[in-house]
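Mind docking chains B, C, D and E with the ligands on chain A? Use the hints.
The lines below spell out each chain.
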Amino acid sequence: MASITLNNLGKVYPGGARAVGNVNLDIADGEFIVLVGPSGCGKSTLLRMVAGLESITDGEVRIGDRVVNQIEPADRDIAMVFQNYALYPHMSVRQNLAYGLKNRRTPKAEIDRRVNIAAEILQIGSFLDRKPRALSGGQRQRVAMGRAIVREPAAFLFDEPLSNLDAKLRVAMRLEIKELQKRLRTTSIYVTHDQLEAMTLADRLVVLNGGRVEQIGTPLEVYRRPASAFVASFIGSPAMNLIDSRAVPHLPGTAHAGMIGIRPEDLSVEAEGPILMDVLAVEELGAQRLVHGQTGGEKLTIALPSDSELSDTLRLSFDRKSLHLFDRETGARIA
Amino acid sequence: MASITLNNLGKVYPGGARAVGNVNLDIADGEFIVLVGPSGCGKSTLLRMVAGLESITDGEVRIGDRVVNQIEPADRDIAMVFQNYALYPHMSVRQNLAYGLKNRRTPKAEIDRRVNIAAEILQIGSFLDRKPRALSGGQRQRVAMGRAIVREPAAFLFDEPLSNLDAKLRVAMRLEIKELQKRLRTTSIYVTHDQLEAMTLADRLVVLNGGRVEQIGTPLEVYRRPASAFVASFIGSPAMNLIDSRAVPHLPGTAHAGMIGIRPEDLSVEAEGPILMDVLAVEELGAQRLVHGQTGGEKLTIALPSDSELSDTLRLSFDRKSLHLFDRETGARIA
Amino acid sequence: KTDIQWWHAMGGELGAKLEEIVKGFNESQDEYNVIPSYKGTYPETMTAAIAAFRAKQQPAIVQVFEVGTGTMMAAEGAIVPVHQLMQDQGVPFDQDAFLPAVVGYYTDTDGNMLSMPFNSSTPILYYNKDIFEKAGLDPDTPPKTWGEMEEFSRKIIDSGAASCGFTTGWISWIQTENFSAWHNQPIGTEQNGFGGLDAKLTVNGPVQAKHWANLKKWADEGIFKYGGPVGGDNAPPMFYSQDCAMIMNSSASRAGVIANATDFELGYGMLPYYDDVEGAPQNSIIGGATLWVLSGRPDEEYAGAARFFEYLSSPEVQADWHQFSGYLPITQAAYDLGKEQNYYDQNPGSEVALQQITLNAPTENSKGLRFGNYVQIRGIIDEEFEQMLSGSKDAQEALDSVVERGNKLIAEFKAQHQ
Amino acid sequence: MIENRPGLNLLAHLVLILGIAVVALPVWVAFVASTHSATDFMSGTVPMWPGPHLVENYSRMLDAGVSTSGTPPVGRMMLNSLIMALSIAIGKIAISILSAFAIVYFRFPFRGLAFWCIFITLMLPVEVRIVPTFQVVAGLGLLNSYAGLSIPLIASATATFLFRQVFLTMPDELVEAARIDGAGPMKFFRDILLPLSRTNMAALFVILFIYGWNQYLWPLLITTDAQYYTIVAGIKRMADAVDGLPQWHLVMATAVLAMLPPVAVVIAMQKLFVKGLVETEK
Amino acid sequence: MKRTIFNNQLLPWLLLAPQLAITFIFFLWPAGQAIKQSFLREDAFGINTSFVGLDNFTALLDSPEYLNSLQVTAVFAVLVTALSMGLSLLLAIAVDRMIRSTRVYTTLLVWPYAVAPAVAGILWWFIFNPTIGIMPYLLDVIGYDWDHISSKTDAMILVVIASAWKQISYNFLFFVAGLQAIPASMREAAAIDGAGPVRRFFDITLPLLSPTTFFLLVVNIVYAMFDTFGVIDATTEGGPAQATNIMVYKVYFDGFVGQNIGSSAAQSVVLMLLVITLTVIQFRWVEKKVEY
Ligand SMILES: Nc1ncnc2c1ncn2[C@@H]1O[C@H](COP(=O)(O)OP(=O)(O)OP(=O)(O)O)[C@@H](O)[C@H]1O
Ligand SMILES: Nc1ncnc2c1ncn2[C@@H]1O[C@H](COP(=O)(O)OP(=O)(O)OP(=O)(O)O)[C@@H](O)[C@H]1O
Ligand SMILES: O=P(O)(O)OC[C@H](O)CO
Ligand SMILES: [Mg+2]
Ligand SMILES: [Mg+2]
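Chains as they are written, first to last, in this note's numbering: chain A, -3 to 331; chain B, -3 to 331; chain C, 5 to 422; chain D, 31 to 312; chain E, 50 to 341.
Same shape as in the complex, but just chain A:
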């Protein structure tokens, strides 16, 4: 177990493309950090620099108190779980788990002990002798986790480990991972592009965009006070409504901001509400309904209880405190 520090970390690929720039991050021992962002924002690159699979072009990575920039992946004392699991298809589950230990000349008895512990933790004991192809998606995922666990590394690195699973299983496995990490208290860095997964797993979130850090904070901090319009629209589902302030000139105290953000659940229907919305479509989600509409040429979505009344136009009201204001040009939060 160890802390991990990224100092001014950056990566320029040989072609000259900058994938990651100037990332500073202190990860405490035992912390669960999630890197989240849209596809191509540099999450994997960042993670792989920590793993040693990608050379570091700027800055440094420390694991514990060693600078590991020049250290081989095998010697960084980390373990990694890949999106496609990267299980060795020709080895049994047991051999998969043992391979890393064998290469390190761990004594046979010790290997067996660790494999058995991991198998118990993950409940994969009953198929230790199967080949990966004879396992279901969820089981494979567990084996991949097991391969990381047996190594007892200083840190776990996860690169979208759940995205090959179907929706139901994803939810279940996400809970398992969370529980496991709580129990082992191994420092973890987890990459995902799914904001829900990020929210539910992270001790702290790192929101990336275009290779730069947009915000670092706990899930609720990020949800409640997004540091930028990008974060605001990326985190939360249904996404925050972002409207041009010129479309609602009658809204007091917003003129100085370029963009106004308000979450769909923060809007309510009220006879005297300041906003008049034409309803375009209604989607029933069961517990609630999403009403999509338009006001002053801007699209708007509101979330209403499923037994609320509907009509062709709705008057909406909101709490001043639930407004988020962003700069039109930079997208940075104003208030």
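Don't read these hints as lab results, they were simulated from the structure.
There may be inaccurate statements among the hints.
Result set (BS3-like, lysine-lysine): computed pairs, CA atoms no more than 25 Å apart in a straight line [to be verified]:
id, chain 1, residue 1, chain 2, residue 2
1, B, LYS104, B, LYS127
2, A, LYS178, B, LYS295
3, A, LYS174, D, LYS301
4, A, LYS164, B, LYS295
5, A, LYS164, B, LYS164
6, A, LYS295, B, LYS178
7, A, LYS127, D, LYS301
The structure displayed is predicted, hence computed values, not measured ones.
This is chains B, C, D and E with the ligands only, laid out in the frame that chain A set:
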């Protein structure tokens, strides 16, 4: 435009596997029906029997007032949108749209007229002369829709038309399809395994399981009164809690039922609540939080506002009316 | 024991006999072991040997057919002339013991013999007496002239005795080279090339052209059937299956013909001639092959080769080979031995070849031919004949191309040797 | 389903059966011929049904052959073919899997040059430059040897290209996992890459075996010693008859024997064969 | 290109060494020799050699036999390709309709691939043998006088049939794979669009098969040009009158039988250029396929 009737429809594949059995369904003219169910439940088979792409082994299909069992797909007056779009890769968008009309010897001028109308409706006018491979996923989806529209058929059949798109685009296209159908008022049958898509699109839902109809009804009917434990767990996210009634013997009036269902949002924290839950994990979703816990050996999930208080154990209460009772053996709804 | 490789082109019955002869030699002494290997047709054997020579994997002895002589002679440094071999190894060797026609063909301008005669032949006519009888012809009278050839053939076909009159092996050797000699027509200048490398082909004379034209006409009429290029592999089967009543082929085909023509009575005759050509019939020329010794082998092998040659030319071996195969008895002694044994009386027709080749004293046109690259020129003759058969050229045009293309090859050969 | 036209299905079966008949015809004729005696061919046409001489003809060819055709017994030639085919298949797989590994998993100076040196040979069959290749091999003293029969045919980029494709489609994560698990290049090659390429190797083996077995011109040229003749090259010599009829029954028995091993391989390992074919070509 | 690579410098050279060595010795060196010899004149035994510049090449261009060989090669390649691809496509379409018997039919159709071209040649040569062959006998019944020994046309037919026969299985397998790779939904969409089986074939199947078809076109041309050596040698040996003397056969024949090393080398050089062109076309196709 036409109504569609399925009478005792069934399908046994040549191997002897029964894929669909005894389906009865009356689809009104202009109605939007969604067939939903888990993978392999026979949705596609059912749809393809309507299309004429799969032979009918039992029962009959009527379109309008014709029994079409023996009629070629081309002559059933239907149009179909495929999951992979099935655009002809060697033809331009325009040729793709026109192909079905050309085969029917529609006059050139009429073809042009219809293609232009469809192009306008779907805003694909600017790339009518491109080949499909030069289009994005969403654009291809539109062209596939266009190919159905130009035919002005009695019914549209959709087989998971959105599942090749990414999450964001899927939400957007789902809205578009809904609007389009509202506007054209063409009878539609839509297949999906995504309950959210089903809920938001359907006039009426048909929930299938193992080739049989579990429930037919409007989205809200199905959500509020699921006809079986299967439907209850399949529709709604987070899924309804289903607990063995023996785990909560203190709950009055439930002893006769095998299973008790209650939706996560129908549970609330109350000091005097009858259920005592040990909290296992908490997931922050932003607007709300999901609390996963355990009571009497049964897993339970509740949805709480994100500002609610948390502790290691919670006392939960609920409204008697929000309980769903199911038979332990058959899974059928009791009350 | 010293192994001595001998590459030869004797397949079928002849091959079997050849192996028997070699076995006789190998068993007659215990120093040398001759290993015969069949390398396919004459051209294949020769080219395989040349390729092997370039690859320094050559056999000590290779059998080269008569038309390869020009090429072999010119390959100074690649061959060991046989007169020199015998002299070096101290084995007695008397050129004059061989038949003059043979000696003349294989000696250089100084009268030295360059290769060892082994199997010399000349083409003759074989015919099916049963068919003749069925067609109402005298089975003991083969056609003498081409006119008779045509006439007999028509009778045979018309009577239904067979579906074709005649076929032939070797379009080049028999219907072109021997045909020319038989009618005393030149094939090329400089005494058919014996005079030196400057020779030119002249085989496109009117007599040859007329003959080729006739062959084409007869082929179209079904009287004559073409048996394929080079030796004409498809010709003998047509004769054996009694589709064709007559075949012109090497005297050495005798062994094969006798072995395969089991269902009918055989007859032999000389080659037909045109009786309106002055000087015909003259004499036919020899074919077959001689044994060449290649340089670059260890000395012991040459000693063995010389001993082997001595054995091969002994009257007993030669007579046996000649009588079995139909090749000419190449030494006077072998011929005499045959006579002594009454072989010719007991085997009617076996002397036809010898009579034909010695019918008249050879002229410049009938003592043989010697051109460089002639193996390739034979390929051209076959091709051009086929062009004519397929109707793309008439006889004169075909022969003109033979001359034109052949002369190019001769010039090329000259250039290569300067 | 798409449409109900039983007529079309019937037609399809008909076409296929006809196709199979056409495809099988020559082999049937050859087989039939190989079961007759020499005299059965004198009459004019080939018999269409098998005769009684099967065992006799085949056993004669296998252990005696036709000595006057200059070929050793067919058994010997089949052994040579087998040695040649196996050497080519195994040799080619061995050297190309190594070179593909180098090309895919390493970056080094002149990598591009090495790559092109190898890949330029991709479609350059030996027939095209037959004379100089023969001379080079002769110069190396490799005529009449198994090495000469096989090594020159080992060099061709097809197998390297195939393994390159296979390696390229192996997920990057596999190497990465192995590296994190502490495996160096050769360990990775042995523990991961080699076992994972097993079916590709097997598939390639099938194709290369057939390729090697079916070689014709090359063995024809470089073997002058009958002890090294291969069956495919030897068969032509038997078919050439001098002043006689080809020994049809024996020639066809040899032809059948020459086809037997590769055809058996294709039929027995159809799946691997198809895989190998598709992979080597793409 | 791999994301993760090893950094060793010496190891890759060691791994490449065997292949590079063999490539240099048996490919590049002979190719160089061919180029060198194409500028030389040599006698059969290789005793006299002289430099002749481009004479060997100009002689080729002047030689009606060489031009004939080019033409023969073209005709032969086109016929073999058309015949075997046509038949294979027909069979593949038939098999593609099958639901259950596919495997059986496939097994019965693929094995000729394993037959050596030379053996295929021998088989057909036997079948077409003028004296005892079954085909001339049958043809005689319908009044055709088969004679591939003197008829150029018959000879060409013979080598085309033998060569195409051997290639049917190959094309068949690729066509079947190509057909199966066409999504069923494409044909279903067309069926719903009102296209009958024939229309569907020409409007949808054939165009979508075109990458396979193009690939096979190149492969078959290469096959016909180079791999049919055995067929030719076992049947017609290039005759009659050079009617079936394709380029590879001529290279061999002029070099080994004709002993004209210079001319043969020049022909080799021409052929190598041709092969390289075909390779480039093939690679282009690979690239295009990726894009498709
Ligand atoms: N090997 C490489 N060479 C050059 N550019 C690369 C390479 N790998 C990634 N990139 C680029 O670097 C940027 C970041 O890539 P990265 O894989 O880190 O994104 P990501 O956030 O993991 O995306 P995803 O969610 O799709 O996995 C992208 O623009 C990508 O195109
Ligand atoms: N051609 C076929 N032959 C035999 N069984 C089939 C065939 N097609 C489908 N089935 C079986 O019929 C059942 C229903 O298949 P169907 O494709 O209709 O499911 P689905 O609900 O569309 O599933 P998905 O969501 O995965 O598309 C499955 O059990 C399937 O295995
Ligand atoms: O068959 P042979 O041995 O008589 O030879 C025939 C010719 O002379 C070959 O040139
Ligand atoms: Mg990534
Ligand atoms: Mg489906």
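Hint by hint, here is what the structure shows:
1. B:LYS104 - B:LYS127: holds, 21 Å
2. A:LYS178 - B:LYS295: With Cα atoms ~19 Å apart, LYS178 (chain A) and LYS295 (chain B) stay inside 25 Å; holds.
3. A:LYS174 - D:LYS301: Judged against 25 Å, a Cα distance of about 45 Å means the pair is violated.
4. A:LYS164 - B:LYS295: Holds, at about 15 Å.
5. A:LYS164 - B:LYS164: Measuring from Cα to Cα gives roughly 19 Å; hence the hint holds.
6. A:LYS295 - B:LYS178: holds, 19 Å
7. A:LYS127 - D:LYS301: holds, 22 Å
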